[in-house]
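Trainee: We have chain A already, so just place chain B on it with the hints.
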Amino acid sequence: MTLTTDTATGDAAGELPGDEATRLSTAPPPPPRGSVVAPVRRAWRSLVSMRTALLLLFLLALASVPGSFLPQRNLNPVEVQAWSTDHPTLAPLLDRLSLFDVFASPWFAAVYLLLFVSLIGCLSSRLRLHARALRTPPPDVPRVLARLPSHERWTSSQDANAVLADARRSLRRSRWRVVTRELPDGGSGLSAEKGYLRETGNLLFHVSLVLLLVGVAMGGLFGFKGTVLVKEGDGFANTILAYDDISPGRQFDADRLVPFSFALDEFQGTYDDDGKALTFLARLRFSDSSAEPTTPYDLRVNHPLEVGGAKTYLLGHGYAPKVVVTDVEGNRLEQTVVCLPQGATFLSTCVIKVPDAAGEQLSFEGVFTPTTVQDPETGRVTSVYPAPENPALTVLGYRGDLGLDSGVPQSVYQLEDRSRLEPIGDGATPVMLTEGQTWELPGGGSLTFVETTEWATFQVTQDPGKLVALVAGTGMVVGLCLSLFVRRRRLWLRVVPAGGRTADGRTVIEVAGLARTAPEAFEAEFAQLVERLRPTPARTPQEDLA
Amino acid sequence: MTDAALAQLSDRLFLATVLLYALAMLAFAAEQAARRSSRVADATAAGLSVRSAAAARTRAMAGGATTTLEAPAQPQLAEPRRRSSRAGAVGLLLTGVGVVVHVGSVVARGLAADRTPWGNMYEFSSMVALIAVSIFLVLVATGRVDRGLGAFVMLPAVLYLGLAGTVLYTAAGPLVPALDSYWIKIHVFAAILASGAFLLSGVVALLYLLRVRHDAQVAAGGAPGFPVSLGASLPAARVLDRVSYAVIAFAFPVWTFAIIAGAIWAEAAWGRYWGWDPKETWSFITWVLYAGYLHARATAGWKGTKAAWIGVAAAVALVIDYYVVNIFVVGLHSYG
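If you're matching them up, the sequences are chains A and B in order.
Residue numbers for the first sequence, in our numbering: 54 to 599.
Residue numbers for the second sequence, in our numbering: 399 to 734.
The hints are simulated quantities; they were obtained by calculation from the structure and are not laboratory data.
One or more of the hints may lead you astray.
Covered by chain A, per the in silico footprint, the following chain B stretches (three or more residues, Cβ under 8 Å) [as the list claims (entries may be wrong)]:
no.: 1; segment: 573–584
no.: 2; segment: 655–665
no.: 3; segment: 676–682
Taking lysine-lysine pairs in the DSBU-like style, the calculated list, with each CA pair at most 30 Å apart, reads [stated by the list, open to error]:
no.: 4; chain 1: A; residue 1: K284; chain 2: A; residue 2: K364
no.: 5; chain 1: A; residue 1: K278; chain 2: B; residue 2: K583
no.: 6; chain 1: B; residue 1: K677; chain 2: B; residue 2: K704
no.: 7; chain 1: A; residue 1: K278; chain 2: B; residue 2: K677
no.: 8; chain 1: A; residue 1: K329; chain 2: B; residue 2: K704
no.: 9; chain 1: A; residue 1: K375; chain 2: A; residue 2: K329
no.: 10; chain 1: A; residue 1: K364; chain 2: B; residue 2: K677
no.: 11; chain 1: A; residue 1: K329; chain 2: A; residue 2: K278
no.: 12; chain 1: A; residue 1: K284; chain 2: A; residue 2: K375
no.: 13; chain 1: A; residue 1: K329; chain 2: B; residue 2: K701
no.: 14; chain 1: A; residue 1: K278; chain 2: A; residue 2: K364
no.: 15; chain 1: B; residue 1: K583; chain 2: A; residue 2: K364
no.: 16; chain 1: A; residue 1: K329; chain 2: A; residue 2: K364
no.: 17; chain 1: A; residue 1: K284; chain 2: A; residue 2: K329
no.: 18; chain 1: B; residue 1: K704; chain 2: B; residue 2: K583
Just so it is clear, CB atoms sit at the ideal spot from N, CA and C, and this is done for glycine as well.
The following block holds chain A by itself, in its conformation from the complex (with noise of 0.2 Å):
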């Protein structure tokens, strides 16, 4: 890829004289013809030229776009999940394109693996090609200054190697790389150039973009995300199978994993009058071994808990009502059931298994509602609020074999084999229980409310190349920021005629400036050298030669 470059206004190339001197653009030269290996070399070259840049990159944006409006694994499994029960036939065409990976897809990962075989073989004789331009000096003072767009000449009464050495010290002073060169006409002269650093920030933020590709692949190697649901009153360790469902990078090694552990105290929200959400909170204990959690942490959304690499951040939350299930032997089984929210109300579903039941096995099913609205007409319940004012645990109740030992894994949130269960009751009216009633269930036992409960849910990241990216996007801004606003330029004095005296003994002086970029702002600076270089300012017009 050809990188931007001094030529960006691009307004002034063309009208330049072709001098060697006043070529600004460090670009490649073109090839040698005619050579063995032309046919790749030419492939190479039409691969890192900058139509096929631009082409990759507009490609690249158009690959991006049917991840952001198809539902994305990556981000949200379930909505895939209810897209493909939604769009039987086209689904699965679109899932055989990765069109629901698309962040991940092979065409993708080509796309930008070949803008960047295509950005590093342009930046690698960028680097070169700049690593000389920084040591070779300004370039010879062109024979006819006149004929550059920036031109000034006037006389002085100082002799000629006064003037030139006032002028490379005025111009070194001001951080203009200076030579005095010997002209072939006898004469003596001076070459000047800045603005270096507009090639070195346009290589800094293309080598940072190469830099922020190898901090993405450190993470996607080598780093892990896990997510975990802790109940109130119950803690975390830092293992494997401690976690509801992990992502770990391809590389990553459970060895890896960063030993800590916590305990929730206490999960708290609070909302405005429209139930909006104001803040969350959760109370933990932490340690940075497996020890028992002593140090206290208020984990909010924004304020991660960082131990020794790891982060763990709040994600959600929801309700757990905690019950006691009596079974018709008077056995008391606890339970903290965790119930899970269907909206900003957080009206949210419950299921209770209780396997371990003397007799035959119980379960209940049901909506927890945090802030309780019952119809009177329907007998309906909703949820008006999101925070737990008025809660209540409204179930069905049911006895008979859950299926549990079946051999297949069930869901804790679903009563998924109903064909031994037998409605408690009528089996049609819920019963609502707020917090301290007892249903007492016909035929023995009972389910009593005892007290709500939240859960909350945290994620655990390692991010191994998180760092490398910060620095490389320091370096895109920093390196962005010098090649747009630096400007190259050059200037050149000269001292005419030889011996640098006119006929009434005066020493003539010619300046001519060059900038590709801006040529606007370079009039004026330009203007403001020529002020500087003149040592008495103002001429009489004899006095002037133009």
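Mentor: Below, chain B alone, put in the same frame as chain A:
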């Protein structure tokens, strides 16, 4: 002042801003119209004075050297010019006052809600328009562009603000927990700054394309019809191209920074710095397209209109990034 009163003040100032910008637009348009008619008058007058000079010469030759030239049509010309320059100055003044009132509206919003005043789509849009109009004023003040562009810039600004104030309007209120971070000041402000500049550059790029088409039609000897005929009152294509580039060159590093700041924030809030969330994806697409614009502008065969079209496509991607993604696509950035 109570929060409710401040919120009401903010809304009133917003309305006043839209009115001021609309009036500014009319003033700029009046200047344009006057300039156009004076150009016509110029042409006619030039024809007249040539004829009268010829007549005078004939008379001078016939009747001696004492004949003075007939007074040229100068008085008739000077009148619309003066009026037009007054209209343009009034347009600038109205825009300037509008910007001040606009800032007042934003500040009152921030005080009413007791937070950074860019926490929802309405506030974001208001800020984006404020930035775009301010950059336009800076460009005019620094002499980079003629204020004749005013009508063309203020029209989309007024429409944009009108939509923001009606469709997207959200009453002053607190933020959702995920937005409660100092990064909202940094990431979102950078995004607003870049967006305002990008949208302005998109408008200028469209005007450039219009001007180029106009010039081509005139060069081919045709008389351009509406809307291409509007190109006559635009600055030269070169100027428009350069302004569009300068604004993008300013905005691109800012946009890059906004994305990186967003990544840092995402790392703190969601546990990963990049996750191809729809908003992230479209920010990336926008970024890639502007990168394409900058490269295209330095590539033979892509300069000029092709590059301008890329600039327009990138601005469209930006609009999708903000509006389509927020309204129609569910993602982590869906805050309403």
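Trainee: Hint by hint, say whether it matches the structure.
Mentor: Against the structure, the hints come out as follows:
1. For the segment 573–584 of chain B, the stated coverage by chain A is satisfied: 6 residues place a CB nearer than 8 Å to a CB of that chain, which reaches the threshold of 3.
2. Closer than 8 Å: that is the beta-carbon criterion, and the segment 655–665 of chain B has 6 residues meeting it against chain A, so the requirement of 3 holds.
3. Proximity of the segment 676–682 of chain B to chain A, defined as three or more residues with a beta carbon under 8 Å from a beta carbon of that chain, is established by the 4 residues found.
4. Only pairs whose Cα atoms come within 30 Å are accepted, and K284 of chain A paired with K364 of chain A is accepted, the gap being roughly 19 Å.
5. For the given pair, K278 of chain A sits about 29 Å from K583 of chain B by alpha-carbon distance, which is consistent with the 30 Å threshold.
6. As the CA atoms of K677 of chain B and K704 of chain B are separated by approximately 27 Å, the hinted pair is consistent with the 30 Å bound.
7. Using a Cα cut-off of 30 Å, the hinted pair K278 of chain A and K677 of chain B holds, with the two alpha carbons roughly 22 Å apart.
8. Taken as a hint, the K329 of chain A and K704 of chain B pair is broken in the structure, with Cα atoms around 47 Å apart against an allowance of 30 Å.
9. About 26 Å separates the Cα atoms of K375 of chain A and K329 of chain A, which keeps this hinted pair within 30 Å; it holds.
10. A hinted pair counts as satisfied when its Cα atoms are at most 30 Å apart, and K364 of chain A with K677 of chain B qualifies at roughly 24 Å.
11. For the hint pairing K329 of chain A with K278 of chain A, the CA-to-CA distance comes to about 29 Å; that is within 30 Å, so the pair holds.
12. Taken as a hint, the K284 of chain A and K375 of chain A pair is honoured in the structure, with Cα atoms around 11 Å apart against an allowance of 30 Å.
13. A distance of roughly 50 Å separates the Cα atoms of K329 of chain A and K701 of chain B; the hinted pair therefore is violated under the 30 Å criterion.
14. The straight-line distance between the Cα atoms of K278 of chain A and K364 of chain A is roughly 10 Å, inside the 30 Å bound, and the hint therefore holds.
15. Among the hinted pairs, K583 of chain B with K364 of chain A is consistent with the structure: their alpha-carbon atoms are about 24 Å apart, no more than 30 Å.
16. The suggested pairing of K329 of chain A with K364 of chain A holds, with an alpha-carbon distance near 27 Å, which does not exceed 30 Å.
17. A threshold of 30 Å between alpha carbons decides the hint, and for K284 of chain A with K329 of chain A the separation of about 23 Å falls inside it, so the pair holds.
18. Between K704 of chain B and K583 of chain B, the direct Cα distance comes to roughly 36 Å. Violation of the 30 Å bound is thereby established for this hinted pair.
Of the numbered hints listed earlier, those contradicted by the structure are 8, 13, 18.
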